[in-house]
Amino acid sequence: MPKIHYFQIVAILGSIALFGVVVDFIRRGLLKEKYSVLWLVLCVAVTALAIKRELLDRIAIKLGVAYPPSLLFLVAFLFVLLILLHFSVVISILHEKNKALAQEIALMRQTIKEAGAKEREHNARGL
Amino acid sequence: MDSNTIARSRDMTPYGNPRLLVIIPAFNEEETIASVIEDVRHNCPEADILVVNDGSRDATARISEGMGVATLTHPYNLGIGATMQTGYKYARLKGYDAAVQVDADGQHRADQIGRLIRPLIEGQAQVVVGSRFLDEGGYRPSLARGAGISIFSRIVSAILRERVTDTTSGFRASGREAIAFFSVFYPDDYPEVEALVLLHKRGFRIIEVPVEMSERAGGQSSITPTRSAYYMIKVLLAIFVDLLKK
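Going down the list, the protein sequences come from chains R and E.
Counting along the first sequence from 1, when you hit position 93 you're at 87 in the numbering used here, and nothing is skipped either side.
Take any residue in the second sequence, count from 1 to its spot, add 24: that is its number in the numbering used here.
Worth flagging that the hints you see were computed from the coordinates, not collected in a lab.
Do not take every clue at face value.
Here are some chain E residues pointing at chain R (derived, C-beta under 8 Å) [stated by the list, open to error]:
hint: 1; residue: 69
hint: 2; residue: 94
hint: 3; residue: 114
Backbone N, C-alpha and C define an ideal beta-carbon position, used for all residues, glycine too.
My request is simple: use the sequences and hints to build the entire structure.
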């Protein structure tokens, strides 16, 4: 049984806290499940590597990382990049939808205006 | 080209009277919008006019509505690409045969619209671009702007395998198919150059005709020196990404 390092405890507690916050946000409706998956996977991955010290060391040696704990940072960093990219895609999709909505409103306003004008004309003729 | 020629060419069309819509995208153009509308009414009376007001904070929409022009107002500023697209959506909804984009700053002259429309009516092209450079039109851009225009012209000409002299011209006419296409796909900002590449990829026939343009009567060019670097990069990137798309 290898000695437990502080960094493992910090990483595990940090990940569990983040996991808790994310789940709480979902519960309170502040975060959609759809956008929480990457966060939760990040927590699980960091926790798993911090607990399974041998695994972390083995992967670090394979990758040529001299100081295994820094591999935790790398994993976390890559996940954060992935999450950012995911958000950029989501924002782009929202941008398109938002534009279409605004255009639709502009077209509908005009349709309503035309209908109103037609009705006034009709009423005027009726009288 | 006088209105007689338009009337005559109408008879040659397979679908009777082509219905023509002039789309005027406007963002804070209260100084010039009235004269542009007057110009179109006077020099191109057979066309319906649509002003697309892109969330202007000035009197633009009030002026155009006051003149009895159909006016679409975006709830907030969406940019020129989305503004033109709104116009094409309207054109498609109302079943227009052709749509011409005329800028609200007064640089596009309504007496030139006939030149843009003729190739559409005669079936030579589905999109017609008015070029300031084909004729001895007399437009001499500044050195920096000229360089930018020339780079775009070379790239687009190479992609289209056809000479295009004025890729940034917003003075264009689109037929039914192009209206339908634009109402679904239209680039966001600085859309003119990219729209040509998109059209080409979809197999549209595009031609240029010489037109005369005026100096802008009011307002500022959207292309300030600080923005031109962004303009170049955005447009070039967009073109190459478009080429990679299916």
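Verification of the supplied hints:
no.: 1; hint: 69; in the structure: violated, 21 Å
no.: 2; hint: 94; in the structure: holds, 6 Å
no.: 3; hint: 114; in the structure: holds, 6 Å
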